[in-house]
Amino acid sequence: AQTVTQSQPEMSVQEAETVTLSCTYDTSENNYYLFWYKQPPSRQMILVIRQEAYKQQNATENRFSVNFQKAAKSFSLKISDSQLGDTAMYFCAFMNGASGTYKYIFGTGTRLKVLA
Amino acid sequence: EPEVTQTPSHQVTQMGQEVILRCVPISNHLYFYWYRQILGQKVEFLVSFYNNEISEKSEIFDDQFSVERPDGSNFTLKIRSTKLEDSAMYFCASSVNRLNTEAFFGQGTRLTVV
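Just so you know, the sequences run in chain order A and B.
Going from the first sequence to the numbering used here is simple: count from 1 and add 53.
Going from the second sequence to the numbering used here is simple: count from 1 and add 894.
Just chain A, same shape as in the assembly:
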């Protein structure tokens, strides 16, 4: 069975600084997808960034980038130039691309606070 582990329950970062959130996963599959979702306080989860396992190049979306280490089964999120609006719960998620069901397996989340 696949599992996702986020070892940092809470983190804080000064505005304009860079922060990295950790995520590791366990799977025997070769075809899968990895995601970071952001959940601001009292708001819905929204997709931050997505990585296809078959792509070696790390995904980037503006200030958000990932460090995808397939052999190590690691998928960390780097937020550059942190902004107050980045304060949120961040969930790492795994999806088995071969199963045909397209369900997410989530980690427990990291609560990030950006300090002014």
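The hints are simulated quantities; they were obtained by calculation from the structure and are not laboratory data.
It is possible that some hints are incorrect.
What the hints assert, rightly or not - The calculated lysine-lysine pairs, modelled on DSS-like cross-linking and capped at a C-alpha distance of 25 Å, are:
1) B:K951 with B:K972
2) A:K126 with B:K972
3) A:K166 with B:K936
4) A:K108 with A:K131
Values in this document were obtained by computation on a predicted structure and should not be read as measured data.
Following the hints, put chain B in place on chain A, whose structure we already have.
Below, chain B alone, put in the same frame as chain A:
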């Protein structure tokens, strides 16, 4: 921008009572999901639904749970006889099709069973 909406935002119910959580997915989406998050724990998959039938369900989704798309727009989760351990945040999600891996989530319904 279209979004998934869930009602109510908070529901308190007596143990043993039936509860229906409602969701309106994004209109052109075809795949629908329910997830739940018990306080302090991870978000867990409950069920996926496509073409008016369940595609997959987890072991959590036992006979006390059911889903329905009664009118082509709403997607409901019914818990027949609630237990204290059903207290959780319930998230509805939808996606365009199964080739598009991004799911859009609602804000969630906090269910409290007393």
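Inset, instruction - Compare the distance between the alpha carbons of K126 of chain A and K972 of chain B with 25 Å, and conclude whether the hinted pair is satisfied. - result: violated, 37 Å
Legend entry - Hinted pair K951 of chain B and K972 of chain B, Cα distance within 25 Å: holds, 14 Å
Legend entry - Satisfaction of hint between K131 of chain A and K108 of chain A, Cα-Cα up to 25 Å: holds, 18 Å
Inset, instruction - For the pair supplied as a hint, K166 of chain A and K936 of chain B, confirm whether the alpha-carbon distance does not exceed 25 Å. - result: Holds. K166 of chain A to K936 of chain B sits at ~19 Å (cutoff 25 Å).
The structure shown violates just one earlier hint, number 2.
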